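**Student:** Okay, here's what each chain looks like letter by letter:
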Amino acid sequence: NAGVTQTPKFQVLKTGQSMTLQCAQDMNHEYMSWYRQDPGMGLRLIHYSVGAGITDQGEVPNGYNVSRSTTEDFPLRLLSAAPSQTSVYFCASSYSGLQPQHFGDGTRLSIL
Amino acid sequence: AQKITQTQPGMFVQEKEAVTLDCTYDTSDQSYGLFWYKQPSSGEMIFLIYQGSYDEQNATEGRYSLNFQKARKSANLVISASQLGDSAMYFCAMREGHGGANSKLTFGKGITLSVRP
Chain A
1 NAGVTQTPKF
11 QVLKTGQSMT
21 LQCAQDMNHE
31 YMSWYRQDPG
41 MGLRLIHYSV
51 GAGITDQGEV
61 PNGYNVSRST
71 TEDFPLRLLS
81 AAPSQTSVYF
91 CASSYSGLQP
101 QHFGDGTRLS
111 IL
Chain B
1 AQKITQTQPG
11 MFVQEKEAVT
21 LDCTYDTSDQ
31 SYGLFWYKQP
41 SSGEMIFLIY
51 QGSYDEQNAT
61 EGRYSLNFQK
71 ARKSANLVIS
81 ASQLGDSAMY
91 FCAMREGHGG
101 ANSKLTFGKG
111 ITLSVRP
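Residue numbers (the numbering used here), protein chains in the order written: chain A, 1 to 112; chain B, 1 to 117.
No wet-lab data here; the hints were simulated from the structure. Only a predicted model underlies this, so the values are computations on that prediction, with no experimental measurement involved. Errors might be hidden in some of the hints.
Derived lysine to aspartate or glutamate pairs resembling DMTMM-like cross-links, with alpha carbons at most 25 angstroms apart [said to hold, decoys possible]:
{"no.": "1", "chain 1": "B", "residue 1": "109", "chain 2": "A", "residue 2": "38"}
{"no.": "2", "chain 1": "B", "residue 1": "104", "chain 2": "A", "residue 2": "56"}
{"no.": "3", "chain 1": "B", "residue 1": "73", "chain 2": "A", "residue 2": "59"}
{"no.": "4", "chain 1": "B", "residue 1": "104", "chain 2": "A", "residue 2": "72"}
{"no.": "5", "chain 1": "B", "residue 1": "104", "chain 2": "A", "residue 2": "105"}
{"no.": "6", "chain 1": "B", "residue 1": "104", "chain 2": "B", "residue 2": "29"}
{"no.": "7", "chain 1": "B", "residue 1": "104", "chain 2": "A", "residue 2": "26"}
{"no.": "8", "chain 1": "B", "residue 1": "109", "chain 2": "A", "residue 2": "72"}
{"no.": "9", "chain 1": "B", "residue 1": "104", "chain 2": "B", "residue 2": "56"}
{"no.": "10", "chain 1": "B", "residue 1": "104", "chain 2": "B", "residue 2": "61"}
{"no.": "11", "chain 1": "B", "residue 1": "3", "chain 2": "A", "residue 2": "56"}
{"no.": "12", "chain 1": "B", "residue 1": "70", "chain 2": "B", "residue 2": "44"}
{"no.": "13", "chain 1": "B", "residue 1": "104", "chain 2": "A", "residue 2": "30"}
{"no.": "14", "chain 1": "B", "residue 1": "104", "chain 2": "A", "residue 2": "59"}
{"no.": "15", "chain 1": "B", "residue 1": "109", "chain 2": "A", "residue 2": "26"}
{"no.": "16", "chain 1": "B", "residue 1": "109", "chain 2": "A", "residue 2": "59"}
{"no.": "17", "chain 1": "B", "residue 1": "3", "chain 2": "A", "residue 2": "59"}
{"no.": "18", "chain 1": "A", "residue 1": "9", "chain 2": "B", "residue 2": "44"}
{"no.": "19", "chain 1": "B", "residue 1": "16", "chain 2": "B", "residue 2": "56"}
{"no.": "20", "chain 1": "B", "residue 1": "104", "chain 2": "A", "residue 2": "38"}
{"no.": "21", "chain 1": "B", "residue 1": "3", "chain 2": "A", "residue 2": "26"}
{"no.": "22", "chain 1": "A", "residue 1": "9", "chain 2": "A", "residue 2": "26"}
Take a look, some chain B residues computed to stay more than 10 angstroms from chain A by CB distance [unchecked claim]:
{"no.": "23", "residue": "7"}
{"no.": "24", "residue": "16"}
{"no.": "25", "residue": "29"}
{"no.": "26", "residue": "30"}
{"no.": "27", "residue": "37"}
{"no.": "28", "residue": "67"}
{"no.": "29", "residue": "68"}
{"no.": "30", "residue": "69"}
{"no.": "31", "residue": "72"}
{"no.": "32", "residue": "83"}
{"no.": "33", "residue": "87"}
{"no.": "34", "residue": "106"}
{"no.": "35", "residue": "110"}
{"no.": "36", "residue": "117"}
Every residue, glycine too, gets a C-beta built ideally from N, C-alpha and C.
Please work from the sequences and hints to get the whole structure.
**Tutor:** Structure below.
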């Protein structure tokens, strides 16, 4: 049971670099989302998607892009990394917005 | 205004005792859902329990129950017979909307629970 798979698990970037955090799910879930978790802040929604070809912004979208070309994949792109984007990133999916979300194990990202 | 409020900074409970973790929410929607997740020190997010706004009975899942008081807008998590493995961060979350394009999950800041042997 793969569930939600995030890669990489850890990454260190320099300010200004770009990278893509990968997220894949094998449960045929329509609903996928990206969160960031910072100390004392809980999880905050970055972007979400209710199906292939449909994405929308969450609470903290600035500095991040997403696309959803397939049901399975929902990559998160950092265009020009900034130290403020140092965080733990979680990808989650669910059959619909009504259902509990299944989370990946997270990506710990540090921007120097 | 915060949509999900978890004000307890840290909770301690003796093993085998029950503990209540507080959560209040704010929404003008009639249809919404409330979730509790557990995050152990290893970092993964584990779904515990769900309560829909139209559910008449309080949700229960094994040792977890949700004390849902709609008029007071509270959705407290009750853990019975605490175990050492219950030591973790606990997050309350709310889904507003009808599950479609307007459905988003908002999390509280979390509560740390420590179970003492």
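**Student:** Each hint: holds or not?
**Tutor:** Hint by hint, here is what the structure shows:
no.: 1; hint: B:109 - A:38; result: holds, 10 angstroms
no.: 2; hint: B:104 - A:56; result: holds, 10 angstroms
no.: 3; hint: B:73 - A:59; result: holds, 22 angstroms
no.: 4; hint: B:104 - A:72; result: holds, 19 angstroms
no.: 5; hint: B:104 - A:105; result: holds, 20 angstroms
no.: 6; hint: B:104 - B:29; result: holds, 12 angstroms
no.: 7; hint: B:104 - A:26; result: holds, 21 angstroms
no.: 8; hint: B:109 - A:72; result: violated, 29 angstroms
no.: 9; hint: B:104 - B:56; result: holds, 23 angstroms
no.: 10; hint: B:104 - B:61; result: holds, 24 angstroms
no.: 11; hint: B:3 - A:56; result: holds, 20 angstroms
no.: 12; hint: B:70 - B:44; result: violated, 29 angstroms
no.: 13; hint: B:104 - A:30; result: holds, 14 angstroms
no.: 14; hint: B:104 - A:59; result: holds, 10 angstroms
no.: 15; hint: B:109 - A:26; result: violated, 29 angstroms
no.: 16; hint: B:109 - A:59; result: holds, 14 angstroms
no.: 17; hint: B:3 - A:59; result: holds, 12 angstroms
no.: 18; hint: A:9 - B:44; result: holds, 12 angstroms
no.: 19; hint: B:16 - B:56; result: violated, 29 angstroms
no.: 20; hint: B:104 - A:38; result: holds, 19 angstroms
no.: 21; hint: B:3 - A:26; result: violated, 32 angstroms
no.: 22; hint: A:9 - A:26; result: holds, 18 angstroms
no.: 23; hint: 7; result: holds, 13 angstroms
no.: 24; hint: 16; result: holds, 28 angstroms
no.: 25; hint: 29; result: holds, 13 angstroms
no.: 26; hint: 30; result: holds, 14 angstroms
no.: 27; hint: 37; result: violated, 8 angstroms
no.: 28; hint: 67; result: holds, 19 angstroms
no.: 29; hint: 68; result: holds, 16 angstroms
no.: 30; hint: 69; result: holds, 21 angstroms
no.: 31; hint: 72; result: holds, 22 angstroms
no.: 32; hint: 83; result: holds, 22 angstroms
no.: 33; hint: 87; result: holds, 18 angstroms
no.: 34; hint: 106; result: violated, 7 angstroms
no.: 35; hint: 110; result: violated, 5 angstroms
no.: 36; hint: 117; result: holds, 27 angstroms
This entry does not satisfy hints 8, 12, 15, 19, 21, 27, 34, 35, going by the numbered hints stated previously.
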